[in-house]
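Enquirer: Sequence:
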Amino acid sequence: MANVSYNDEIYLAKGLTAFGKFLPFIPSVSKIFGEEVKEAGSTVNVPLFSSNNTDNGEFNGSYDTSGSTQTKIPVSLVHIHETFEIGAEAQSSNSFNLENLYQTHLQNFGRKVAKAIFADSANFTAAQSGSFGFAKVKTLAVGLDTNNVTDVERGLIVDTTIYGSLYQDTTDTLKVSPESYGFSNTAKVSTGILPSGVKGLAIAPDCYAVACYQVRQNGKTADVKLLTDEATGLQFTFKTFSIDNENKIKGVFEVLVGGKVAQDKAIKFV
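Under the numbering used here, read the sequence shown as residues 78 to 347, first letter to last.
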């Protein structure tokens with residue numbers, strides 16, 4: 078077996094980019110990401126980024142009793158992993174094999190993480206249906222205004238099955254985009270990431286809370302590395318270990334994540 082450092086980041090770079098492509102919605106949620114170890118099933122309080130300051134701005138003589146307070150949303154963590162074998166071909170000194178292997182499994186891992194994050198989004202009450210296009214995008218934007226959703230980092234999260242409705246045709250007489258209606262973040266997500274029956278979400282950081290922490294490692298001897306997706310800041314661990322009495326190496330990407338409706342003000346498209 079060749080002497081290869083299987084969790085060397087030079088082999089993981091393309092895979093990390095592929096992983097991040099499944100999380101383009103991250104700017105549009107409230108979030109807390111940590112390097113600390115937590116337990117699956119534990120709860121983390123995520124600070125909600127919202128403007129609930131209802132005073133008239135006139136100073137009342139005390140900073141302690143004026144201004145807004147920060148709401149924290151309890152989010153339960155689940156253990157998500159992608160486990161795979163590093164076969165003989167990848168155990169060579171051919172970095173191309175490792176790059177392809179890691180890219181494939183980091184895509185799978187990113188899909189699983191995104192799905193876990195949005196598991197609770199089906200619990201948003203407000204919904205729109207019918208044909209999806211820019212008329213519907215406008216309706217969703219107006220709905221967020223009506224619900225007093227923050228203008229900051231509004232996101233339009235759209236399943237790939239309907240995302241094509243947002244492509245501009247060369248014959249269009251009016252060039253518009255979701256940004257024209259106040260969505261600073263338009264995120265295309267793979268089918269199956271959003272809950273069953275949900276094809277899209279109009280959302281913002283005061284609507285949804287997300288948490289991410291690290292998994293406690295068991296007693297198995299392993300090389301463990303903490304990886305960071307630079308695009309989102311989300312961190313997770315990658316470990317490699319040998320299988321006893323076998324000439325095999327396993328790799329595992331894993332993390333604790335969770336998501337929860339923070340305020341029932343977002344709108345789902347069904």
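If you're looking for bench data, these hints aren't it; they were derived computationally from the structure.
Hints should not be assumed to be uniformly reliable.
[Stated by the list, open to error] Dumping the calculated BS3-like pairs for lysine-lysine here, alpha-carbon to alpha-carbon at most 30 Å:
no., residue 1, residue 2
1, Lys149, Lys327
2, Lys98, Lys265
3, Lys215, Lys115
4, Lys115, Lys189
5, Lys325, Lys149
6, Lys189, Lys325
[Said to hold, decoys possible] Cβ pair distances, simulated, as ranges:
no., residue 1, residue 2, range
7, Ser273, Lys91, 28 to 34 Å
8, Phe136, Gly274, 47 to 53 Å
9, Gly118, Phe318, 20 to 26 Å
10, Ser242, Asn177, 28 to 34 Å
C-beta atoms are modelled at their ideal positions from N, C-alpha and C, and glycine is treated no differently.
Enquirer: Hint by hint, note whether the structure agrees.
Expert: So, going through the hints one by one against the coordinates:
1. Pair hint Lys149 plus Lys327 does not hold up; C-alpha atoms about 38 Å apart against a cutoff of 30 Å.
2. With a C-alpha separation of about 9 Å, the suggested pair Lys98 and Lys265 falls inside the 30 Å cut-off, and the hint holds.
3. Restraint check: the Cα-Cα separation between Lys215 and Lys115 comes to about 41 Å, which exceeds 30 Å; the hinted pair is violated.
4. Proposed proximity of Lys115 and Lys189 is supported: the alpha carbons are some 19 Å apart, at most 30 Å.
5. Note on Lys325 and Lys149: the hinted pairing is violated, with a Cα-Cα distance of about 45 Å set against a maximum of 30 Å.
6. Restraint check for Lys189 and Lys325: satisfied, since their Cα atoms lie roughly 25 Å apart, inside the 30 Å limit.
7. Our hint of 28 to 34 Å for Ser273 and Lys91 holds, since their Cβ atoms are close to 31 Å apart.
8. Evaluation of the 47 to 53 Å hint for Phe136 and Gly274 yields a pass: the beta carbon distance comes to about 49 Å.
9. Range check, Gly118 to Phe318: about 25 Å between beta-carbon atoms, so the 20 to 26 Å window is met.
10. In this structure the supplied range 28 to 34 Å holds for Ser242 paired with Asn177, their Cβ-Cβ distance being about 33 Å.
The structure is inconsistent with the numbered hints 1, 3 and 5, although it conforms to all the rest.
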